Amino acid sequence: MKTAVIVFPGSNCDRDVQIALRNATDSEPLMIWHQETEMPSIDLIVIPGGFSYGDYLRSGAMAAHSPIMREVVSRAQSGTPTLGICNGFQILTETGLLPGALMRNTSLKFACCSVFLRVENSYSAFTHHYDDEEIISMPIAHLDGSFYTDDFTLTKLIDNSLVAFRYCDASGNTSKEANPNGSLHNIAGIFNSSRNVLGMMPHPERSTDPIMGRTDGARLFDALVASF
Amino acid sequence: MIRQPRINHGAKRLLTESYNTVKAQIHITLKTGVLDPQGKAIESALGDLGFDGISNVRQGKLIELDLTESDYGKARALIDNLCTQLLANTVIEDFAIELDD
Amino acid sequence: MIRQPRINHGAKRLLTESYNTVKAQIHITLKTGVLDPQGKAIESALGDLGFDGISNVRQGKLIELDLTESDYGKARALIDNLCTQLLANTVIEDFAIELDD
Amino acid sequence: MANSTITAELVAEHGLDDKEAEHMIEVLGREPNITELGIFSVMWSEHCSYKSSKKWLRELPTQAPWVIHGPGENAGAIDIGDGQAIVFKIESHNHPSFIEPYQGAATGVGGILRDVFTMGARPIANLNALRFGNPENNKTRHLVSGVVSGIGGYGNCVGIPTVGGECGFHPCYDGNILVNAMSVGLVEHDRIHCARASGPGNLVIYLGAKTGRDGIHGATMASAGFDDAVDAKRPTVQVGDPFTEKLLLEACLELMATDAIVAIQDMGAAGLTSSSFEMASRGDLGIEIDLDQVPLREPGMSAYEIMLSESQERMLMVIRPDRVEDARKIFSKWELDFAVIGQVTNSGRMVIRHQNTIAADLPIKPLADSAPEYDRTWVRKETSLSTPKPATEPDIDTALNLLISCPDLSSKRWIWEQYDHTVMADTVQLPGGDAAVIRVHGTAKGIALTTDCTPRYCAANAVEGGRQAVAESWRNLTAVGAQPLAITNCLNFGNPERPETMGQFVGTIEGMTEACRILNMPVVSGNVSFYNETRGSPVHPTPTIGGVGLIESLNSMQRIAIDEAGLHLILIGSTYGHLGASLYLREIHGIEDGPPPPVNLNLEQKHGSLVRSLIHRGTVRACHDISDGGLLVAVAEMSLAGGTGVTLFLPETDIAPHAFWFGEDQGRYVLAVEDKNVEPILLTCCSENIPALQLGTSGGSHISVEESFQISLADLSYKHETWFPDFMKNTDNRSVED
Ligand SMILES: Nc1ncnc2c1ncn2[C@@H]1O[C@H](COP(=O)(O)OP(=O)(O)O)[C@@H](O)[C@H]1O
Ligand SMILES: [Mg+2]
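First to last, the protein sequences are chains V, A, R and P. When we follow the working numbering, the leftmost residue of the first sequence carries the number 1, and every step to the right adds one. When we follow the working numbering, the leftmost residue of the second sequence carries the number 1001, and every step to the right adds one. When we follow the working numbering, the leftmost residue of the third sequence carries the number 2001, and every step to the right adds one. When we follow the working numbering, the leftmost residue of the fourth sequence carries the number 3001, and every step to the right adds one.
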């Protein structure tokens, strides 16, 4: 399986994702600098977290216009599995590959902690190693993670089962207290309409190692390998 | 000088219209000479996007609010006070106030 | 309407003055209905500080830049383009442009 | 400006006293011009020259077989085996953070990161030691909010996990908060870079952000106390640009992977002046700089301003001429401003050109060698020898509730959750334990990190306080199973021109020296911050110790959490019930008096070594050292961390219960062990003549002391967790950055 990680100035989870992919696929992911305009044939594209362009202006806004993103958009539109994590999710919404926007956390503070997620749809290349409604745990670390979209789009997301993960408590309740950033409907991750693009705020690549005490993220990468 | 009417504000204004409400618009900008990393980054991104001939990009804050104080002098003094105490970081920022009814 | 001269801009403007430079000021505001946690936070802080009678606080962005384009129509079109493409996220934000020379 | 006459007032404004002014003219052989005066003034400022502290800093032990670079380089470096080294340093950004908390703290992080990656190391962790004034002082909240978001804002953006630190409150910091930032990096031995210029003809390269009029005179500002004119100093505030820092970090490390760089130095305090000066003086060479080549942010800057600017995110390096092309490629990939601004010469002089004139021409070695060094008058303060005895004592459970939720002991989750502490995916022990542990990337080794100081002990007795700060750091490293290796330190004091303050400084060094020697943990880097006082009222002496230890195999890493029932608690070390200068007296009785607990370094060493070996043998399930708040607080912290209750019994003793539970005797640990290991551990302790005492067992959802009280863990946890967020509630919602 050939994977690629897109690297922007200010990306800082690129190495973490590189390692998670290396371990999951047993091969070296291609690290692609944002100035590139083409890429070879690729089976999975990952846009990692970080602060592309310092998150200045708006998180993800400037990276969305990087040369390589034109190519990423066209690959994603023609079906290549594409995963945006944290800043990567923000970039995907800025390019329009995913709907909505990620706004400032309602606490106005950066939030780094471990959260519980409820798997809302296990029917995708990314999530088929989880069970529907399974409760998993991953770390988050962001300032702009509050998912927002208009009512019309929100209804569409929900009606078409395009919500991938929602923040919940240990027993699976998607309560206000379990929402770390004020996201609408506790949304933590969404798919595009053909479910080959996933954007999520939590960091699966930071929960792949038993020594960290959590491995739920590894199952997402393993699922991708298995579905290839 | 060309001045375009503000876009899309009509609706909001109507909702809050009242006889003794003053609308204030506060511009908060970085002091001259203070580094503006955001403006700098936007400027260099513009070049990459092919927008030429743009320079001196500076990013500031815009704060809008309604005030139930019909006396302009008092309203201005109050907002001035508010800016110094809370809205602007006067160590590095300047502010300018526009009142409007 | 009361309009106060901008503070402290004289010096900066002089430095960059040139015959065919247009100054643009872009106001980026959240669309009506979009939650504004920053505005809300300011509003609640105001209450704590004892500032009464203030409501509808909204926080937006102010971007200022210089443009070497003497044709106003073209300048406006260019900045409009710039805002739609980069400066504003039209999913959640509106923008208004003021040009000035 | 070059021609303005140098008046006595101008010299005084530059912080040089009469003797120093005379000396300057002697060194130069003539009157300086304004640029030269500016250079002298920053080079001879307390901040850059360490003129009041140098004599005493020499006493600190700096050697051990594993020390690669001790003090003198941008940061210290120690060997951790396998050809790898850890590079680390701590630095203060106190004054700027008081003036503008967000930017002051943010640029403090930026500065210390540059010190580390200048050495060729990739930063792998940051820590921060913070001291604020009285929580009831209105300004405190605003400062906490700004400082914490500034530290997070910078470190998070660069992508370095902020994994630990400390945060305390005391009215002595009302007018002078302390913001000490520590950074730790990892590097292969053969990639360590130094700041010693060599090879006349090699080029001097400027890299990074453009130079603006930021922080001109920052170094002299950090060398003067605050007075009422603080507002006038405001325009010197610098704004950090973590995005540029990240690019700088990547560009430097990419270039350092080649052998293009001869010497490299970040532009920190006193900017271009001290960086160029120090590189040349370390190599005993000269340097020529053409200021017209320096990338400027603002037009019309004078030579004086360019030389003294403290704009952030800038580096200076010496590169072989045939490597400039390689460098250019890397720098332009990272979209960084870059310019060849001069060259290394063998003239021994620093020659600065600007707009076709010579703006400065100074002899390097004489200026460096003759920098003032003072043996300032010092007196040792009388220390209180007796501990007041309040007439009545509260119930133990009441006191525990109060202590666990007091500002200093309350959970600091509100802080660390604003720091990305998991980026880089190597943080194996998160904030909340005795020391943070970072896996050495790609290996099974771990690096343990902690910052420590107990200022109330230092105020009561500087020597004992100095000893204790080092010992506590050593203990925290030990408690996670690490072998303590070395420390960095940030010495925060008042005005050294006051004999009492100087006496505290001298005493602290004496205590630290002794502790470092006996615990075999040398000092490899550090920083001194004097003049932390407002209108004659100094901060408590606060020698922040940043400790680094090595865990050979992460399998033997230890945590503080008791998370299973049926474990037995064992107290290691002697308990006398020492309450002098304790948190108990301060928080419960409002008394700040009495001598601090004495530190017996030999016992400290003996007890710690035993604990470490028990951990390595795999016989310990949880371990915590005892510090602020004493034994019962330590046990409560272990219980809270693991969500499992404990039942304790008060052993037979002459010590009053409150003194037993809350006394702060040093050299102690609490272990939680399985049933089968209790006997062997007690036997080992007995044979080594180390006091060990069984305290009780784990289980249930309460902390209880038999026949005395029972507190629900949930209640205690609520109190422990809510003080900080409740305190910050009113400012929480203030947008401080962007
Ligand atoms: N400013 C801070 N930043 C990050 N972590 C902090 C900070 N202050 C305290 N902590 C964390 O809180 C925990 C308790 O701190 P402290 O009481 O100082 O520990 P100890 O007494 O063991 O030295 C530690 O894990 C420490 O790293
Ligand atoms: Mg400890």
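Keep in mind the hints are simulated off the structure, nothing from the lab. It is possible that some hints are incorrect.
To be verified - Under the rule of at most 30 Å between Cα atoms (straight-line distance), these lysine-lysine pairs were calculated in the DSS-like manner:
hint, chain 1, residue 1, chain 2, residue 2
1, P, 3019, V, 176
2, P, 3329, A, 1031
3, A, 1031, R, 2023
4, P, 3676, R, 2040
5, R, 2023, A, 1023
6, A, 1074, P, 3676
7, P, 3381, V, 176
8, P, 3139, R, 2031
9, A, 1061, R, 2074
10, A, 1031, P, 3210
11, V, 176, R, 2040
12, P, 3606, A, 1061
13, P, 3210, R, 2023
14, R, 2040, P, 3329
15, P, 3210, V, 2
16, A, 1031, R, 2031
17, R, 2074, V, 156
18, P, 3729, A, 1023
19, V, 176, P, 3719
20, V, 176, R, 2031
21, A, 1031, R, 2040
22, A, 1074, R, 2040
23, P, 3329, V, 2
24, R, 2040, A, 1061
25, R, 2074, A, 1074
26, R, 2040, R, 2074
27, R, 2040, P, 3445
28, R, 2040, A, 1023
29, R, 2023, V, 156
30, P, 3445, P, 3729
31, P, 3139, A, 1061
32, R, 2031, A, 1061
33, P, 3210, P, 3412
34, P, 3676, A, 1061
35, R, 2040, P, 3139
36, A, 1061, R, 2023
Stated by the list, open to error - Just a sample of chain R residues kept apart from chain A, beta carbon distances all over 10 Å, derived:
hint, residue
37, 2046
38, 2053
39, 2063
Only a predicted model underlies this, so the values are computations on that prediction, with no experimental measurement involved. Glycine included, every Cβ here is placed at the ideal spot set by N, Cα and C.
Going through the hints against the structure:
1. P:3019 / V:176: Judged against 30 Å, a Cα distance of about 67 Å means the pair is violated.
2. P:3329 / A:1031: Violated, because 35 Å separates the two Cα atoms, which is more than 30 Å.
3. A:1031 / R:2023: Holds, at about 18 Å.
4. P:3676 / R:2040: Roughly 58 Å between the alpha carbons, so the hint for residue 3676 of chain P and residue 2040 of chain R is violated.
5. R:2023 / A:1023: holds (25 Å)
6. A:1074 / P:3676: violated (77 Å)
7. P:3381 / V:176: Violated: residue 3381 of chain P and residue 176 of chain V sit about 56 Å apart, past 30 Å.
8. P:3139 / R:2031: Violated, because 35 Å separates the two Cα atoms, which is more than 30 Å.
9. A:1061 / R:2074: Since the Cα atoms of residue 1061 of chain A and residue 2074 of chain R sit roughly 26 Å apart, the hinted pair holds (cutoff 30 Å).
10. A:1031 / P:3210: holds (17 Å)
11. V:176 / R:2040: holds (18 Å)
12. P:3606 / A:1061: Cα-Cα ~59 Å, so violated.
13. P:3210 / R:2023: With Cα atoms ~24 Å apart, residue 3210 of chain P and residue 2023 of chain R stay inside 30 Å; holds.
14. R:2040 / P:3329: Violated. Residue 2040 of chain R to residue 3329 of chain P sits at ~47 Å, over the 30 Å cutoff.
15. P:3210 / V:2: Roughly 41 Å between the alpha carbons, so the hint for residue 3210 of chain P and residue 2 of chain V is violated.
16. A:1031 / R:2031: With Cα atoms ~28 Å apart, residue 1031 of chain A and residue 2031 of chain R stay inside 30 Å; holds.
17. R:2074 / V:156: Answer violated: residue 2074 of chain R to residue 156 of chain V is near 39 Å, above 30 Å.
18. P:3729 / A:1023: holds (29 Å)
19. V:176 / P:3719: holds (22 Å)
20. V:176 / R:2031: This hinted pair holds, its Cα atoms lying about 24 Å apart.
21. A:1031 / R:2040: holds (26 Å)
22. A:1074 / R:2040: holds (24 Å)
23. P:3329 / V:2: Given pair residue 3329 of chain P, residue 2 of chain V holds - Cα atoms ~29 Å apart, limit 30 Å.
24. R:2040 / A:1061: holds (15 Å)
25. R:2074 / A:1074: With Cα atoms ~42 Å apart, residue 2074 of chain R and residue 1074 of chain A exceed 30 Å; violated.
26. R:2040 / R:2074: Between residue 2040 of chain R and residue 2074 of chain R the Cα gap is close to 38 Å, so the pair fails against 30 Å, i.e. violated.
27. R:2040 / P:3445: violated (47 Å)
28. R:2040 / A:1023: holds (17 Å)
29. R:2023 / V:156: Violated - the C-alpha atoms of residue 156 of chain V and residue 2023 of chain R are around 42 Å apart, more than 30 Å.
30. P:3445 / P:3729: violated (40 Å)
31. P:3139 / A:1061: Given that 30 Å is the threshold and the Cα spacing comes to 24 Å, the pair holds.
32. R:2031 / A:1061: Holds, because 16 Å separates the two Cα atoms, which is no more than 30 Å.
33. P:3210 / P:3412: Given pair residue 3210 of chain P, residue 3412 of chain P is violated - Cα atoms ~37 Å apart, limit 30 Å.
34. P:3676 / A:1061: violated (65 Å)
35. R:2040 / P:3139: holds (22 Å)
36. A:1061 / R:2023: holds (17 Å)
37. 2046: Not fine: 7 Å to the nearest Cβ puts residue 2046 of chain R too close to chain A.
38. 2053: Since the minimum Cβ distance to chain A is about 4 Å, residue 2053 of chain R lies within 10 Å and the statement is violated.
39. 2063: violated (5 Å)
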